[in-house]
Amino acid sequence: MNQWHFVIAAYALSIPVLAWVVIASFVAMRRAEKAVDELKRGTS
Amino acid sequence: MHAYANPARFLKIARPLTHWFGWIGGLLLLLCVGWGVFAGPADYLQGETVRIMYIHVPAAWLGMAGWSGIAIASAMQLIWRHPLAGIAARACALPGAVFAALCLATGSIWGRPTWGTWWEWDGRLTSMLVLFFLYLAYMALASAEQEADGEAGGEGRMTAIFGLVGAINLPIIHYSVLWWRTLHQGQSISLMKGSSIDGSMLWPLLGAAVGASLLFGAVVLMRMRAELARTKLEMRMRRLAAS
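If you're matching them up, the sequences are chains A and B in order. Under the working numbering, the letters of the first sequence match residues 1 to 44, in that order. Under the working numbering, the letters of the second sequence match residues 1001 to 1243, in that order.
Be a bit skeptical, because a hint or two may be false.
[Unchecked claim] Listed next, the in silico DSS-like pairs over lysine-lysine satisfying Cα-Cα at most 25 angstroms (straight line):
{"hint": "1", "chain 1": "B", "residue 1": "K1232", "chain 2": "A", "residue 2": "K34"}
{"hint": "2", "chain 1": "B", "residue 1": "K1232", "chain 2": "A", "residue 2": "K40"}
{"hint": "3", "chain 1": "A", "residue 1": "K34", "chain 2": "B", "residue 2": "K1012"}
{"hint": "4", "chain 1": "B", "residue 1": "K1193", "chain 2": "A", "residue 2": "K40"}
Simulated from the structure, these hints should not be mistaken for lab results.
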């Protein structure tokens, strides 16, 4: 097997996994902070 | 350090830092990995597979750095009872586990063409696998303890003790290549002895490591902000329910 296939496999796995952890953490943060803001606005 | 244990003061700094760390880290990582993979030279022994190093090595460093963060924050939580320390420790767990898993997976992909095997039960690989399992156990324990406490951001003393005890594995990973016969190569970069890697590979590798570290920092900040917001939300809901 060509060595480049292994290089491509390593990055094909790493890039989506890294993107997932960044995006999932960002979405969780935005959702939680938005809920606090909405509650603050609702009670004030 | 004690000054930033105040959540309001922490958030004031964390908000801009999250964006800076995320964008600079992400761009630096992409740029340096691209530099190493597409413009860097092949190795005279490893051939093209050396290009896997630009993600494998930063992943290994950050897998270990993540647990170092957990151990330091856990010590701060147990000694000084900083309100943010437990949150910081728990926020390091998922990105640390992801980087440890990526280190194992990319190492395995590199091992097949280089060593002729996907896996070998030697000191370095096994201790890194133990680190990954420690992360899983830590996250399960943190989640169980928070549920038992009945609120986000509970004290989590057992989790903190586990975070401290698990740090024993870090020197084992680091010295495994010296203590036991191993397929894994020895240390190539040392603060005292310099580097045995050529500059054409070393610079993209260091750039990728800095980029990945900043990205790791951004993810930790995001997770801390999320947990702080959830704690705040729960406290407000309880106050509303009580009034």
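Going through the hints against the structure:
1. In summary, the hint linking K1232(B) to K34(A) is supported, as the alpha carbons are separated by about 12 angstroms, within the 25 angstroms threshold.
2. Distance hint between K1232(B) and K40(A) is fulfilled; the C-alpha atoms sit about 10 angstroms from each other, no more than 25 angstroms.
3. Between K34(A) and K1012(B) the CA atoms are separated by roughly 17 angstroms; this keeps the pair inside 25 angstroms, and the hint holds.
4. Restraint check: the Cα-Cα separation between K1193(B) and K40(A) comes to about 56 angstroms, which exceeds 25 angstroms; the hinted pair is violated.
The earlier numbered hint that this structure contradicts is number 4, and it is the only one.
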